[in-house]
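Peer 1: Now for the letters of each chain:
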Amino acid sequence: MIPELGQFALILALLLSVVQCVLPLIGAHSGNRALMAVARPAVAGQTVFVVAAFAILTYAFTSQDFSVAYVAQNSNSLLPWFYRFSAVWGAHEGSLLLWILILAVWSVAVAAFSRHLPADFMARVLGVLGFISCGFLLFTLLTSNPFARILPVPADGIDLNPMLQDPGLIMHPPMLYMGYVGFSVAFAFAIAALLGGRLDVRWVRWSRPWTNIAWAFLTLGIALGSWWAYYTLGWGGWWFWDPVENASFMPWLVGTALIHSQAVTEKRGSFRAWTLLLAIFAFSLSLLGTFLVRSGVLTSVHAFATDPERGVFILVFLAIVVGGSLLIYALRAPRVAGGEPFAPVSRETALLVNNLMFACAAATVLLGTLYPIIGDAFSLGRISVGPPYFAFMFIMLMIPVVLLLPFGPFLKWRQGNPVAAMKSLLPALVTAVVATLLAWLLVGDLPVKALAGTAASLWVGLGILLFALSRWRKAAPGRRFTPEMLGMICAHLGVAVFVAGVMIVESTSIERDVRMVPNQGVEIGSLTFQFEGVHEARGPNFTAEQGTITVTEGGRTIATLHPQKRQYMRNAQVQTEAALKPGVFRDLYVALGEPVGDDGAWAVRIYVKPFVRWIWIGALLMMLGGFVAAADKRFGVVARLRDTSPSARDGSANSPALPDPESPLPNPGT
Amino acid sequence: MNTRLLPLAGFLLLLALLGFGIWWSSTHDLRAVPSPLIGKPAPSFDLPLLYEPTRSFGSADLAGEPYLLNVFGSWCVACRDEHPILMREGKRLGIRLVGFNYKDEPDDAKRWLAQFGDPYDVVIADYPGKVAIDFGVTGAPESFLVDGQGIIRYKYISPITPQVIATELLPRIAAMRQEVAR
Amino acid sequence: MTPTRKRRLIIISLVLAAVAVAAGLTVLALQQNMTYLYSPSEVEAGEAPTGARFRLGGVVLEHSIKRADDSLQVDFIVTDRFHQMPVKYTGILPDLFREGQSIVASGSVEDGRFVATEVLAKHDETYMPKEVADAIAKAKDTHAAEPGGSH
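Chains as they are written, first to last, in our numbering: chain A, 652 to 1321; chain B, 216 to 397; chain C, 73 to 223.
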């Protein structure tokens, strides 16, 4: 009975989403205030029912209701209680419900925190969000009902995919979806601006905090996914350029371009059409990602169970949403380039380069990801492009970004002085070069990649710190750093840390696959890995062969690692659990292969991964930067009130509505 | 030309590509494609029984009633995943379950069935793998659903799961019954 | 030039430069990193590139896995049930690597043997990757077309 209530709640939510979409849009079009006012209660009501449906599915998992097909397929009586919660989003149907829940949460947040915006604008924003919600609710109810029953009721469930029985995966999808879905807000703001013809810079200011928050969540979600892949897939890699990973990475690339172009548009009025387009693209790529992951068009290591019917549905939805919004864009986008003029060397140009590079990077990832389909379409055979393609393209496109990054904050809007900027950055350049040379001379045979990474990381990191220092010196106490600027500094320091991590781990990792008999040792550098043997171990829903490997350095034991080869009882899947000893400067990573020979020998995989943590620390700093920047006062209630007061409404569309608080000092970038 | 239409045009190209992708993956689906034999009569064969190698058993003995031919081998680890499900749910199908022991040493197969249980109504052995070629077997486990007229109605590659029984096999068996009743 | 014109010129030239560079790089990188998937039958027929890297898809032939005693070298045979291809690999095989399991191996042919640098068994609920099924189906079609094909 209760699962049927869940389905009923979803149907009610669908009806309310139709209301939330249709009535406010009509109201905004005809100027009917009563119809516009329907938007907020509709959002609230829809959210209540979506939360109810989600709670009911969670209850079905915790109470082990195997009469629900989805529960029977993704849970098991032996499944530990905490995984029963995360199992809710462990497969297609439930993760779709999570998508809808998060969209509802974002809609409520927008409705609650944007009371000061013009009624017709908000009606359009919530109407667009309602349309998206309606599409996904229909998708769930028509093709992927999580509450469908199974008869006869199985005695026990099949169990959650062992790869997903992991703490990292509890948080990965929710964070990722917070990012994906969060871009729907920037999208809705852009469409609302296009529909209402309100194409000045205010919609950008109103949407900027939402974009930053969404971007920060997406960064976190991708980082969690990468961290999870690192220690669960047992391969020790942190990024595989798998179609599913690319699906989340493309919106991130476009989102990164978007937060930078929004800064230009908001402050200088330039790039207006481009910013609109990026807002549409960022969300479109989120939808495309959903399509690629769930339609079965691409084969992937961790694709969802697929079904062409679902693919057709999402494709049609994609066509309506993206095609429709691009059509509106074609009809409504500003025909005259607005904004202040700028010189070839200026902060605008720097940010333009950033935008071009990130947009190109997204396009090349898209091309590589879709290449197998292109191969099918033109009968080229079954082609795929491997990670080397993506890695090569990405590095080539990011080199100019990293080299030019420190200039950004030092260049002024409109007309920058390259000589002065270079002078300010000279200490960073000198330090980076000298430190890299020293490292090369002292450490000896370091690969070029590691040296280049160190140099680039120091260049970016020190360059940004120099900017922070110059602000500290020049500005009066109390107005030295706006949150927006702090966020920018933090995120760019994250880039420096990330670059160091990636380049060093990619070039100096030691990876050994060895055959080891018990009590045999293997020396790697100054480390000795001693294999003590394998014995049986048991978990709640698996048995395992557990190895013991002692790592010593200079006669001192620094780690005892227990990698496992797990055999899950219910679905007989084998899963490799790597064991690792994390460290700021180095991870030790051990995984069991398989038994080889009769003498108790095992194939053992031993990795030493220097600086691998820096990849995720860098990503976390970027995320933090996104959140901090979103907290800036200029996006707060006061600023919005000023935007919507009559004098600002009449203000020229060409100039920013707010006086620049930091002039004549260099204005913060993002 | 209005340059603002360019993004839309690009998107339409992408859409065409994705639409093609869907069409391609649905017509080339793993479970839909493999056998050109679906809808055609099952190949006729005569094979020794696993437990009585001197007695031969063939399509003639199976005619008239539907059956599920399940290809397995003691060497096949995936079959070990499938086996408990056949043990538990095989009877639910309500039709004969024919074990097709594929490229297997008879002693290994017997030991395997003794250890894990024997869900089959009859087990035939194809050690040389000749009949398997006629059936287009690509590996094990694979299962063929054959109706009373000896027509192959459905083929499933990879271990049978409870979902497959519920969503693929049972509905087809029920449909076959209805046809016969009519 | 008016400031607007000047700015537009900057933007357009930057965009064109970026697109040209990106397009050039993409073509180069695609050419170098495209790998085709072949079945053992196609390799037998000489369709696969000699010397160059490609991916080999098929099923691990039963009873064909042989391990070395003192190293991680593994020899096995990949088959599409019509032709066979011996494969050599040194390293740790994936969890799902089994006899009768379908795999995709990347590498190149040396002395009539496929030397793999990577072996993938797909983590999927279906035990055969779609592309392998396609390759096998294709081999079956061509096999059916020529009467009296050998096994």
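These aren't lab readings, by the way, just hints derived from the structure by calculation. Careful, some of the hints might be misleading.
Derived BS3-like pairs (lysine-lysine); straight-line CA-CA distance at most 25 Å [claimed, not checked]:
#	chain 1	residue 1	chain 2	residue 2
1	B	Lys318	C	Lys78
2	B	Lys318	C	Lys138
3	B	Lys255	B	Lys345
4	B	Lys325	B	Lys345
Peer 1: Run every hint past the structure and note whether it holds.
Peer 2: Results for each hint:
1. Lys318/B - Lys78/C: violated (77 Å)
2. Lys318/B - Lys138/C: Holds, at roughly 19 Å.
3. Lys255/B - Lys345/B: Given pair Lys255/B, Lys345/B holds - Cα atoms ~19 Å apart, limit 25 Å.
4. Lys325/B - Lys345/B: holds (21 Å)
Violation of the numbered hints given earlier is confined to hint 1; every other hint is satisfied by the structure.
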